[in-house]
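So the protein sequences, as listed, match chains A and B. For the first sequence, the residue numbers in the UniProt record's numbering are 1 to 744. For the second sequence, the residue numbers in the UniProt record's numbering are 1 to 75.
Please keep in mind that the hints were generated in silico from the structure rather than gathered at the bench. Check each hint, because a few of them may be wrong.
[As the list claims (entries may be wrong)] With a Cα cut of at most 30 Å, we get these calculated DSS-like pairs of lysine-lysine:
hint: 1; chain 1: B; residue 1: K28; chain 2: A; residue 2: K309
hint: 2; chain 1: A; residue 1: K81; chain 2: A; residue 2: K697
hint: 3; chain 1: A; residue 1: K728; chain 2: A; residue 2: K28
hint: 4; chain 1: A; residue 1: K28; chain 2: A; residue 2: K81
hint: 5; chain 1: A; residue 1: K179; chain 2: A; residue 2: K697
hint: 6; chain 1: A; residue 1: K76; chain 2: A; residue 2: K22
hint: 7; chain 1: B; residue 1: K28; chain 2: A; residue 2: K738
hint: 8; chain 1: A; residue 1: K76; chain 2: A; residue 2: K697
hint: 9; chain 1: B; residue 1: K64; chain 2: A; residue 2: K529
hint: 10; chain 1: A; residue 1: K76; chain 2: A; residue 2: K728
hint: 11; chain 1: A; residue 1: K728; chain 2: B; residue 2: K28
hint: 12; chain 1: A; residue 1: K309; chain 2: B; residue 2: K64
hint: 13; chain 1: A; residue 1: K531; chain 2: B; residue 2: K64
hint: 14; chain 1: A; residue 1: K76; chain 2: A; residue 2: K309
hint: 15; chain 1: A; residue 1: K728; chain 2: A; residue 2: K738
hint: 16; chain 1: B; residue 1: K64; chain 2: B; residue 2: K28
hint: 17; chain 1: A; residue 1: K179; chain 2: A; residue 2: K728
One letter stands for each residue in the lines below.
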Amino acid sequence: MADTTTTDPQLPPTAATERSSKRWTPLKIILWAAIAVIGGVGWTMLAIVRGETVNAIWFVFAAVATYLIFYRFYSKYIQDKITRPDDTRATPAEYLANGRDYVATDRRVLFGHHFAAIAGAGPLVGPVLAAQMGYLPGTIWIIVGVVLAGAVQDYLVLFFSMRRGGRSLGQMARDEFGKVGGAAAILATLLIMIIITAILALVVVNALGESPWGVFSVAMTIPIALFMGVYLRWIRPGRILEVSVIGFILLMAAIVGGGMVAETAWGAELFSLDRVTIAWGIVIYGFVAAVLPVWILLTPRDYLSTFMKIGVIVALAVAIVFVQPQIAVPAFSDFAFGDTGPVWAGSLFPFLFVTIACGALSGFHALISSGTTPKMVEKEKQTRLIGYGGMLMESFVAIMALVAAISIDQGIYYAMNSSAAATQGTPEGAAQFVMSLGLAGVNVTPEQLAQAAAMVGEESIISRTGGAPTLAFGLADILQQWIGGSAMMAFWYHFAIMFEALFILTAVDAGTRVARFMLQDSLGNIWPKFKDTGWTLGAWICTAIMVAAWGAVLLMGVTDPLGGINTLFPLFGIANQLLAAIALAVVMTIVARRRTFGQLWIVALPLAFVTVVTVTASLFKIFSPVPQVGYWANHVAFRDALAAGEESFGTATSVQAMEAVVRNTFVQGTLSIIFVTLALVVIGYAIVAAARAFRGKDVVDHEDERHESRIFAPAGFLPTPEERELEKRWAEVPDEHKPTRTGH
Amino acid sequence: MATRGERRPAAAGALLARAWRAVVWYGKGLTGESRYDAYVVHARAAHPDREPMGRDAYWRDYAKWQDANPQGRCC
Chain A
1 MADTTTTDPQ LPPTAATERS SKRWTPLKII LWAAIAVIGG VGWTMLAIVR
51 GETVNAIWFV FAAVATYLIF YRFYSKYIQD KITRPDDTRA TPAEYLANGR
101 DYVATDRRVL FGHHFAAIAG AGPLVGPVLA AQMGYLPGTI WIIVGVVLAG
151 AVQDYLVLFF SMRRGGRSLG QMARDEFGKV GGAAAILATL LIMIIITAIL
201 ALVVVNALGE SPWGVFSVAM TIPIALFMGV YLRWIRPGRI LEVSVIGFIL
251 LMAAIVGGGM VAETAWGAEL FSLDRVTIAW GIVIYGFVAA VLPVWILLTP
301 RDYLSTFMKI GVIVALAVAI VFVQPQIAVP AFSDFAFGDT GPVWAGSLFP
351 FLFVTIACGA LSGFHALISS GTTPKMVEKE KQTRLIGYGG MLMESFVAIM
401 ALVAAISIDQ GIYYAMNSSA AATQGTPEGA AQFVMSLGLA GVNVTPEQLA
451 QAAAMVGEES IISRTGGAPT LAFGLADILQ QWIGGSAMMA FWYHFAIMFE
501 ALFILTAVDA GTRVARFMLQ DSLGNIWPKF KDTGWTLGAW ICTAIMVAAW
551 GAVLLMGVTD PLGGINTLFP LFGIANQLLA AIALAVVMTI VARRRTFGQL
601 WIVALPLAFV TVVTVTASLF KIFSPVPQVG YWANHVAFRD ALAAGEESFG
651 TATSVQAMEA VVRNTFVQGT LSIIFVTLAL VVIGYAIVAA ARAFRGKDVV
701 DHEDERHESR IFAPAGFLPT PEERELEKRW AEVPDEHKPT RTGH
Chain B
1 MATRGERRPA AAGALLARAW RAVVWYGKGL TGESRYDAYV VHARAAHPDR
51 EPMGRDAYWR DYAKWQDANP QGRCC
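Work the whole structure out from these sequences, hints included.
In structure tokens form, the structure reads like this:
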């Protein structure tokens, strides 16, 4: 029998030894060989064969086989060498159980929970923009990046935070680096949250601008969420599943209704809003939503968003396997070798690696992995499934988003994603611009573009930058081939827009709240009154400051004469990856201080890579003489033009627009400098700490003291034979001896 | 609880019912609805001397706690 000790002689063991998983039966060998072969064939078809068109199914094969192999072998290696979980040790969910946030949760449920918290619009938008370089660079980075960097970060942050009672990344940074290093990490986090919130909001604004259908259906989510909030508060408290189903039905009705409203004269009149108006709407909404109690808007919308997220992702996966779209995008496009692509400017290295952040490596996840999830883990060994496995799922979402983006016609892709300054915002201008790019095999006429817009029930699809509309278009095109045919295309398009808008709005609301608390905490060091988060005036002031900060960046993006997304998106990616660098730096310090130097490379390698990528990208953004790439080069060029008395320059057609460019590039350039400086401070602290640990002898570990576990649960999705045996023995324990297992 | 394992030939109805229960169990876990049941178990064990909060009171208290402890959502 697989046994380890337990303190209570009346209880079965709390940990299983893995005997069966160590044995290599012929069946297992054949299974893993088959997975390896499938993955190999997938990669060969994508990278080497590359016919005229590529079947989308190969993306699925290459991705899933790689994930399985790295999950089974690499994450297991990390578990054996670095984390070394001990299931006889209680997790915070057990020894700090409070029935509120510290709640031991079934691993399968927690997997879904964690996935829903980490996956948002990021993995959907980044790959769409990266498709400008062809499909191969993005595919390689999403898959290789996740198994070696992204999933490693998520897993290790989750594990170490769990060992520290669920402490946040900021607190861990303070523990490891002291006051200054910790403060740099917290300030960087705060700034990064502002920029990320702003750019996510910009994606929504771009998707809803001049789209009465989209505006109506997304606006309807507010009354729907209010209704759900009231239902849960007074009508049937706590019946979340039931209200989620009702909300989902109402949401579908809102999408269908949006189509009808947009066709009426008054509907088109009332809901066709320009992007500046929508941006102001989101700023005001963001403030109101963030000061209201969560039960009114945030929580109910979160339920809807979880439903939509899982539903859409499953539907897309099934549809891709069924429809198997043919991909005509080249493996490498012409823009892969230059630095002035129309969707976003910059060379493949380093900008591809910041354009695709979420899905390959996302620093933001470190905030989730050191937030809610570590307080809900039931057994230490489950962190591998939840942390590493959860991130693999997100990567798969990114691959599907990439497939959706590259399955649409190239001409349409560039017409949708080039800035209005280039396309003039008209089908004629867009067709002319796209043809002028001189891409092989790309042909598009104004009629085709007008027809594509009509198919999705929109006035126009020209220069709908930001990724969300392109993804919605691709997703609608795939889904209509599976269900409903072209008559359903417009529904699916708005379904996808709604899906993205929902969780971006939740991220905006939640991000503003979190940032407000961080600001209150920081200001509290100077004026202690601010520490009191129940103080309404303080809460309002700090919320207003945060909303003003991201609102300013948002409005800057919306009105930017250079196009907004293409200048701001790199900043978003850089910010996110710098946060990843900070998280990995914290993790590396912890690993070094636990004195597992032999495997330090597991963390040091991704840390070095992401540091090089983000620092290079930042330096390009600060110092590049190419105006499309360097913020300051552009700043100087426009300033000089203004000084020379010119009245139009580049894509800016008025003095006012030129002044806006000067202002915007100044802000963007300054932010770049601040981000990279803060991150380098933190990384410097980490390197010093790791070097000190190497020279020292003592194990330094800030983890909580050990508590003996009194519960048992399997580690993976499916229990091993030993675990099943133990589960049976635990089931036989009479109730009076059973420790409380406050699981779901 | 959804338990795996036993594969006795069962009537299609019973199988469907089990699948339905598993879906509901998962849905309640994912949305956090089962948090209340977990709380009751916890409260009974940790504070046997007092009666746990009712569903209504628990969710109000939880919402209040959430107001003071915001959690970020990812991008």
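Do the hints match the structure? See the list:
no., hint, verdict
1, K28/B / K309/A, "holds (16 Å)"
2, K81/A / K697/A, "holds (19 Å)"
3, K728/A / K28/A, "holds (25 Å)"
4, K28/A / K81/A, "holds (23 Å)"
5, K179/A / K697/A, "holds (24 Å)"
6, K76/A / K22/A, "holds (12 Å)"
7, K28/B / K738/A, "holds (24 Å)"
8, K76/A / K697/A, "holds (27 Å)"
9, K64/B / K529/A, "holds (20 Å)"
10, K76/A / K728/A, "holds (26 Å)"
11, K728/A / K28/B, "holds (24 Å)"
12, K309/A / K64/B, "holds (26 Å)"
13, K531/A / K64/B, "holds (17 Å)"
14, K76/A / K309/A, "holds (29 Å)"
15, K728/A / K738/A, "holds (13 Å)"
16, K64/B / K28/B, "holds (21 Å)"
17, K179/A / K728/A, "violated (49 Å)"
The structure is inconsistent with hint 17 alone, although it conforms to all the rest.
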